[in-house]
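The sequence shown runs 266 to 651 under the numbering used here.
Since the hints were made in silico from the structure, they are not lab data.
Keep in mind the model is a prediction, meaning the values are calculated, not measured.
Just to be clear, a hint being listed does not mean it is correct.
Here are the computed distance ranges between Cβ atoms for each label pair [stated by the list, open to error]: (1) D295 <-> T613: 51 to 59 angstroms; (2) A434 <-> T613: 21 to 29 angstroms; (3) S447 <-> G411: 20 to 28 angstroms; (4) D480 <-> A513: 13 to 21 angstroms; (5) Q517 <-> K352: 39 to 47 angstroms; (6) D480 <-> R523: 25 to 33 angstroms; (7) D480 <-> L589: 39 to 47 angstroms; (8) D417 <-> E340: 17 to 25 angstroms; (9) I532 <-> Y351: 45 to 53 angstroms.
Note that beta-carbon positions come from the ideal geometry of N, C-alpha and C, so glycine has one too.
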Amino acid sequence: MLGMIFGVGAVIAMLSIGSGAERQAMEMIDRLGLRNILVRSKDLKQEELNEVRKKSPGLSPRDAQAILEAVPGAEVVAPRVRIEPYKILAAGGKTEAKVYGVSYRQAELGRLETAEGRFLDAADERDHAQVCVIGPAVRRDLYGYGPALGRDLKINDVWFEVIGVLHEAGGASSFQGVTVGSTATEIYVPVTTAVREFDRDPLKSPLDEIVVSLDPSASPSRSSSLVRSLLDRLHGGAADFELVVPEALLEQSRRTQRLFNIVMGCIAGISLLVGGIGIMNIMLATVLERTREIGVRRAVGARRSDIRSQFVVESFAISLLGGLAGVVLGVAIAKVVAFYAGWPTVVTLGSIFLSTGVSIAVGLVSGIYPAVRAADLDPIEALRYE
Numbered sequence: 266m267l268g269m270i271f272g273v274g275a276v277i278a279m280l281s282i283g284s285g286a287e288r289q290a291m292e293m294i295d296r297l298g299l300r301n302i303l304v305r306s307k308d309l310k311q312e313e314l315n316e317v318r319k320k321s322p323g324l325s326p327r328d329a330q331a332i333l334e335a336v337p338g339a340e341v342v343a344p345r346v347r348i349e350p351y352k353i354l355a356a357g358g359k360t361e362a363k364v365y366g367v368s369y370r371q372a373e374l375g376r377l378e379t380a381e382g383r384f385l386d387a388a389d390e391r392d393h394a395q396v397c398v399i400g401p402a403v404r405r406d407l408y409g410y411g412p413a414l415g416r417d418l419k420i421n422d423v424w425f426e427v428i429g430v431l432h433e434a435g436g437a438s439s440f441q442g443v444t445v446g447s448t449a450t451e452i453y454v455p456v457t458t459a460v461r462e463f464d465r466d467p468l469k470s471p472l473d474e475i476v477v478s479l480d481p482s483a484s485p486s487r488s489s490s491l492v493r494s495l496l497d498r499l500h501g502g503a504a505d506f507e508l509v510v511p512e513a514l515l516e517q518s519r520r521t522q523r524l525f526n527i528v529m530g531c532i533a534g535i536s537l538l539v540g541g542i543g544i545m546n547i548m549l550a551t552v553l554e555r556t557r558e559i560g561v562r563r564a565v566g567a568r569r570s571d572i573r574s575q576f577v578v579e580s581f582a583i584s585l586l587g588g589l590a591g592v593v594l595g596v597a598i599a600k601v602v603a604f605y606a607g608w609p610t611v612v613t614l615g616s617i618f619l620s621t622g623v624s625i626a627v628g629l630v631s632g633i634y635p636a637v638r639a640a641d642l643d644p645i646e647a648l649r650y651e
């Protein structure tokens, strides 16, 4: 029965980890945007940076404009720059947060929603407005639970007016080597204001990221190849940028998940096979121990089908108990993995029914041979058995 318990437990744990990984992948892809291409400035060592800057100034507004004009299907091109704040404070307190200069289209591209006020608009970007949208954690640090709209905050030496507060959203997450931060601890200002008001290391790219949103008719893989070719040409072949294509990440995640399922499925299958053999051995031993009882039942009128049914039902009961114990073990493993490894796990009713059903099926198949052996015993010989 232990093999059955471990087999079912392995199936439950495998499916829960797989479902959790799939959910995390879909949430991450949704935040990145399935039809987006992210062009990011590459982090380089100082010596590499010195060499690269001889060929290319890095990602710049010129690149964003070139992508919009030259890449078919590029619907929206939104630049982003990260500001390095050494102080963020307001009358109510201070906080540590990530500050980004973004396009007014960032709300649409990044699935950002405001709980209060509004997001940046085209006029803010055009007029270099000193306004900002803050995450809920920033709002609590600076203003507690009091009103935030219309109040001022200072980033380094530049004052901004708060025009919006974002909804609570998911925390920071990493997927296939791509990290997306938590919007709760972020501040957004117009990208034009960020470029004008904040000094930047001259060796750094003018922009940290360009998000390219494609129309429904465009192929992300083909468009990403066109973007790469265009930027290679504009940057003189300097490898100072990298592309993140969420669609490709999703496909890679699915391949990895399929491989994981195959490996774990083999392990679970072996455990269930061992469990089935164990049930068969138990039932064969039971037939031997109860030979005289079988003879008595046959002598008083029990049919062979009655004997077969008895042992099949007993086999069913053993496999059912093993399956239920395995479900408990699998759920426990999933919880332990989620707690210690930090992996998301999702235990579904489908996985419970599937694994329990498989264990019952294995138990029934394993019980058929012992049941047939029991039914075929000669009643006279069985009564003589000591």
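Query raised in the report: Which earlier hints can't be squared with this structure?
Result: 1, 7 and 8
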